[in-house]
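Participant: This is what each chain is made of:
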Amino acid sequence: MTALDTSPPRVEQAQSVWSLRWKRFRGHRTGMIALGILVLLVLFTLSAGPIVAWTGIDPDATDLLSRYDPPSAEHWLGMDDAGRDELLRLMYGGQISLLVGLVSTLIGGVVGLGIGLCAGYFGGRLDALLMRFTDGMIALPLLPLLIVFGAVDLTKLGFSSEFAHSGAAGFWRVVVIIAIVDWTQMARLVRAATLSLKERDYVLAAKASGASPFYVMAAHILPNVATPIIVAGTLTVGRVILLESVLSFLGFGIVPPTPSWGNMLNNAQELVTTAPALAVYPGLLIFITVIAVNFIGDGLQHAFDPRSSR
Amino acid sequence: MTGFVLRRCLQALLVLWVMSFVIYGLIGLMPGDPLDVMIASNPGATPEIVAHLRQIYGLDQPMPLRYWHWLLDALHGDFGFSRTHSEPVLIVLAPALAQTCKLMLISFVLSVVLAFALGVAAARKPGGWVDGFVSLFAFAGISVPVFWLALILIIVFAVQLHWLPASGMGTVGDNGLIDQIRHLTLPVATLTLASTGQFTRYVRAAMIETMRMDFIRTARAKGLGEGRLVIRHALRNALIPVVTIMALSFGTLFSGALVTETMFAQWGMGKMIYDSILANDYNLALVGLLFATLITLLSNLIADLAYGWLDPRISLK
Amino acid sequence: MTDAPPILEIDRISVHFPMAGGGWFSGPAPVLRAVETVSLAIRPGETLALVGESGSGKSTLGQVVAGLREPTLGTLKFHGVPMGKAEWRAARKAIQIVFQDPFSALDPRMPVSDLITEPLKIQRIGSAAERRERAAALVAQVGLPLDALNRYPHEFSGGQRQRIAIARALAPDPSLIVADEPLSALDVSIQSQVLNLMKGIQEERGLSYLFISHDLAVVNHLADRVAVLYLGRLVELAPRASLFAQPSHPYTAALLDAVPRIGRGRRRRGRSLSGEMPSPLNPPPGCVFHTRCPKVQAICKITPPMLEPAPGRPTHLAACHFKE
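Chains as they are written, first to last, in numbering that gives the first Met the number 0: chain A, 0 to 309; chain B, 0 to 316; chain C, 0 to 323.
Keep in mind that the hints are not guaranteed to be accurate.
[Stated by the list, open to error] Here are some chain A residues the structure puts well away from chain C; computed CB gaps all over 10 Å:
| no. | residue |
| --- | --- |
| 1 | MET136 |
| 2 | GLY166 |
| 3 | LEU203 |
[Stated by the list, open to error] To give an idea of the interface, some chain C residues facing chain A are shown, with a C-beta separation under 7 Å as derived from the structure:
| no. | residue |
| --- | --- |
| 4 | ARG42 |
| 5 | ALA65 |
| 6 | LEU67 |
| 7 | ARG88 |
| 8 | ARG91 |
| 9 | SER103 |
| 10 | ALA104 |
| 11 | LEU105 |
| 12 | ASP106 |
| 13 | PRO118 |
| 14 | ILE121 |
| 15 | ILE124 |
| 16 | PHE243 |
Hints were generated in silico from the structure; no laboratory data involved. Please read these numbers as outputs of a predicted model, since none were measured by experiment. Think of the CB as a built atom: it goes at the ideal place given N, C-alpha and C, for glycine as much as any other residue.
Model the full structure from these sequences, guided by the hints.
Facilitator: Next up, the structure:
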């Protein structure tokens, strides 16, 4: 006679969708390698502070007598065109460039998300208006527009001269102008996803219970567009880093003395003949960062949608 | 069809008009003032004289009014005077426009051809080592900063190997074709390499998608050789959407062209815009930017129309 | 079923969709008449089946009853109260809906416990703890194990998902559930399980169903009364037994004849329909069914028939000049 199992049923945790995805990402070799590289790069840039504390080198001290000094035991990559330690400049520049990439992507992403959601969900004339606007922005030449925005004199907008020339203003200016021109991809993506999602039966069921548009967007649409947003956001970071670097290179982004990988190549023509190595390092770091980010984005895409073609 | 064309043209004009207003306003926010140079070069300019000059030139009027005057002049063909070149803006910009178009078109054609060659080769065996190499190349292409690529090319080919000139459009005194080509090589190479990456990805993805389709399996089952014949079948089908995307991307080449021109001292629109903003020559900057917008708008319009015309399934509503 | 007043009354509801086209040169824009002047009532505790083929407008009418679509014309009264925007807000918990496709009816990102109690959350009924308790009770009522609460929809079969959807509809304790073809997407063996579940719930709670279906065999099992729609118009409305035993409208008769009777004798001949349902953009004049009707006469092409009792059967209504 078998005894009855009268213990209460165990309520197990289901394997959530996210842990499944992380597993798939782990299996994607290039994505994992790229993630490792990116982590190393971030650590690299963050080690500037500790190194300064440990060696006592002043990263901003210019010494015109040591311009273009070759690598030495004290300065591993030598000195840059103003006599500053090149390695430290690269590290601090990396912090700035990466931070701009992150913050700008976030801001532009939120704007694009908002516009795409509203256009897709409410449809009708709001959609038509927003899409005209988006299409108009897409049609504009990106870099010239950024240059014009970057050249704006903040004092004419009412900011004090002191603020206008501060490092913080420079940082935020770049972040804002890139976000202003770069939200369109996200908007289109979110709009397309919203259009298809809002017709789903579970949305109708929620509406039948009296759900407001806000509730539907927050509870049903956003979680279901999370995956394409994450992939698009990752790729956007790469794009933004490239934009910031070219802007800073041209002199309209992050301006010296604040370092950025882009503006370290400001007087590239001179570097090319006198110290070619200095012309290589910053660009190489940008290149490695962006390619790593792109590979991560690719890996994420496969993790989220294993059916996509290799 | 004509309704569609008309509507798109009107939309383009609207964008152009709004852009002109926005840029005019933005340029008003640029550092400096048209009168600054005058004041700097004339120490005798008292505040009264400056105020008087402001009035004469209409610089004390509110921005919308000044914009209106500019617009009226522009519609009559008068785009103002370039301060740094001492010539009317249009005369300065016309050859620059031609130069940029030359650079963009040559690079575009080359990168399309290259992208097709690479993309098709990669799609023949997805996952194979050719595919791996091409994919890596494509990723690199979309990840590389254009200005750095230019620098590397300059360092390798101009400084180290001395094969090609580092910048400029021609050597003084030499008007020959070979010399022009030599000066154009690195800029074209830069822009081509930068654009090939994304085009290659399109071609490869489209080809892989098409090769999966049933009609290819049927052709193979019928005994068609894997090589050129199947490729030709697949290619023809993949062609239309891919070419459309590429054509729509033509306008984005302008940003790359701007950087390339600046790096290699090519006197095109990009360099014009850049120099004019640096030099406070705002008349030139404004019109240059509008021309740049026009290029992008026009190329998008042509691509849209061509797509609608090529693909019989699209109804141009 | 009592003689209690109806909980839902629809009075001459029409749903028209204006189509694109038309303008200065091509005349007025075409209008798609999905539902045309339908009047119905549903009593407490009864199942009213809404039957018709694709394009008959039954889903559209179901959406109007569930408050998902505003009718172009006509009024809807719930418990005697005409429903405007303000009234709907309160009525949302009393009228719920179950959809046809169990795979798109549940948000794949939400666990079952959240799915079931969503109507309560939206209507702000009960605290989180109370909702959790309710979820456990509901899950048991639809015959699913307790550990289902923490699982996700993709872990369940079609039939189980439909049970989850039913549990969701039951959560706010409604008095009317609109069931839009709830069994059509399920395997036949599962259909009877879910059907019995729905029947049991109705007996227990005394709620009403507006049961939309194209499957007459299922309707025969569940319905108290049957309404037949053709091209958006109500052509017959009768108690179930009467309708199945002797349909009054030729369309209903043809529908019944088309149901395959496995092992139950030969099909009656001579009543199959010809042609296809006309487009709701361009309904035929007079009686909309006249283009396919075996009994068509001259009057049918001119005068639309009214919904009136069949001869000798006062509770059996049909819209036909030659009803039986």
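Participant: Is the hint on C/ILE124 kept, meaning its closest Cβ partner in chain A is under 7 Å away?
Facilitator: Status violated, d = 10 Å.
Participant: The hint names C/PRO118 as touching chain A; please verify it with the least Cβ-Cβ distance against 7 Å.
Facilitator: Since the shortest Cβ distance to chain A is 4 Å, the answer is holds.
Participant: Could you let me know if the closest chain C CB is still more than 10 Å away from the CB of A/GLY166?
Facilitator: Holds: least Cβ distance 42 Å, greater than 10 Å.
Participant: When the nearest CB of chain A is found for C/ILE121, is that gap smaller than 7 Å?
Facilitator: Where the cut-off is 7 Å and the nearest Cβ of chain A is about 5 Å from C/ILE121, the hint holds.
Participant: Using Cβ atoms only, decide whether C/LEU105 comes closer than 7 Å to chain A, and label the hint accordingly.
Facilitator: With a minimum Cβ separation of about 6 Å from chain A (threshold 7 Å), the hint on C/LEU105 holds.
Participant: Given C/ARG88 as an interface hint, is its Cβ closer than 7 Å to any Cβ of chain A?
Facilitator: 6 Å, holds
Participant: Against chain A, run the beta carbon of C/PHE243 and see if the smallest gap drops under 7 Å.
Facilitator: Hint on C/PHE243: violated, closest Cβ of chain A at ~31 Å, above 7 Å.
Participant: Is the nearest CB of chain C more than 10 Å from the CB of A/MET136?
Facilitator: 28 Å, holds
Participant: Would the stated hint for C/ARG91 survive a check requiring a Cβ distance to chain A of less than 7 Å?
Facilitator: 4 Å, holds
Participant: Hint C/ARG42 vs chain A: min CB-CB distance below 7 Å?
Facilitator: Not OK, violated: C/ARG42 not within 7 Å of chain A, min 22 Å.
Participant: With chain A as the partner, please determine if C/ASP106 meets the hint condition of a C-beta pair closer than 7 Å.
Facilitator: Holds. Min distance 4 Å.
Participant: Regarding the hint that C/ALA104 lies at the interface with chain A, is the smallest CB-CB distance below 7 Å?
Facilitator: Since the shortest Cβ distance to chain A is 4 Å, the answer is holds.
Against the hints set out earlier in the document, violations occur for numbers 3, 4, 15 and 16.
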